[in-house]
Amino acid sequence: EDKVVQSPLSLVVHEGDTVTLNCSYEVTNFRSLLWYKQEKKAPTFLFMLTSSGIEKKSGRLSSILDKKELSSILNITATQTGDSAIYLCAVGHISIQGAQKLVFGQGTRLTINP
Amino acid sequence: GAVVSQHPSWVICKSGTSVKIECRSLDFQATTMFWYRQFPKQSLMLMATSNEGSKATYEQGVEKDKFLINHASLTLSTLTVTSAHPEDSSFYICSASSSGHSTDTQYFGPGTRLTVL
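So the sequences go chain by chain: L and C. Per the working numbering, the first sequence starts with residue 311, numbered consecutively. Per the working numbering, the second sequence starts with residue 410, numbered consecutively.
Chain L extracted, bound-state conformation (with noise of 0.2 Å):
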C-alpha cells in the first residue's frame, strides 16, 4: 500500500529556533515529493523535489530529497509565529492503475511561540 508518514506529527518551538520536518515514503512509481503549507483553508505550494540531492530554497526555508533513503525533509530557520501552520508533504505517482496522484502524509502541526 502506498504511504507517506510525516513526523513529528506536532512540534511547538520558540520564535527564532529553527525546525527540521521529515518526511518518508513508499509508492509505487515515485516521481516527485511535494512540500505544502495549510494554514486555516486549502494548502498552499511550497517546494516539488524530484531530484536526490538538490536543495531548494525560498527564504528561510529549504527542503532536499533522498531517494535511496525515500525521504525528505524541510528546513526553516529563524522561525517567526506566521510560520505556524499544518506542514504537508505530497508524493505524486503512477499508481498500479496507471493513474497519476498525489499520497499525502498526515501533516506536521506547527507551531510557534512568541
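The set of hints was computed from the structure by calculation and includes no laboratory data. Here a beta-carbon is modelled for each residue, glycine too, at the ideal position from N, C-alpha and C. Each statement offered as a hint is correct.
Which residues of chain L face chain C? A partial, calculated answer using Cβ under 8 Å:
hint	residue
1	L344
2	K351
3	A352
4	P353
5	F355
6	M358
7	L398
8	K411
9	L412
10	F414
11	G415
12	Q416
13	G417
Distance condition first, Cα-Cα at most 25 Å in a straight line; then the derived PhoX-like pairs of lysine-lysine:
hint	chain 1	residue 1	chain 2	residue 2
14	L	K378	L	K367
15	C	K473	L	K313
16	C	K450	L	K350
17	C	K475	C	K423
18	L	K313	L	K351
19	L	K367	L	K377
20	C	K464	C	K475
21	C	K475	C	K429
22	L	K378	L	K313
23	L	K313	L	K347
24	L	K347	L	K377
25	L	K351	C	K450
26	L	K350	C	K429
27	C	K450	L	K313
28	C	K429	L	K351
29	L	K351	C	K423
30	L	K366	L	K347
31	L	K366	L	K378
32	L	K351	L	K367
33	L	K313	L	K366
34	L	K377	L	K313
35	C	K473	C	K429
36	L	K367	L	K347
37	C	K450	L	K347
Cβ-Cβ distance ranges computed for the label pairs, FRET-style:
hint	chain 1	residue 1	chain 2	residue 2	range
38	C	A411	L	K350	18 to 28 Å
39	L	H324	C	Q438	36 to 46 Å
40	C	C422	L	K350	21 to 31 Å
Go by the hints and put chain C onto chain L.
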C-alpha cells in the same frame, strides 16, 4: 498566477439534499482537476481525478453515484454530493493541474466546508 477558486466556501444543508461545489481555475487551463476530502485533524484523501471531457476516475471506497463529478470545461469542475448525510460533513478541496501529471504542481482551491444536519 495559478489561482483556483471554489464556491461556495461553506454550506449547511439538511440530510437528504444534494449539494454542488464548483472548482474553477482562474488564470490557467486545467487539464486535470482533483477532488479531496479532509476530515478534522486528518490529511487530505483523494476522492477522484477529473479530466476535461471524460469520466472521472474514483478512488477505491468512493461511491461514484453519490459523488458526481463533471469536468465540463478546462476551467471548471463540479462535485455534487447527492443525498447528503451527516457522515458526509467534511472539508472538500479541489486542486488543478495544467498538464494532467501529478508530477506537475497541483494548485489548491480554498476549500468548501460542508455541514449536513
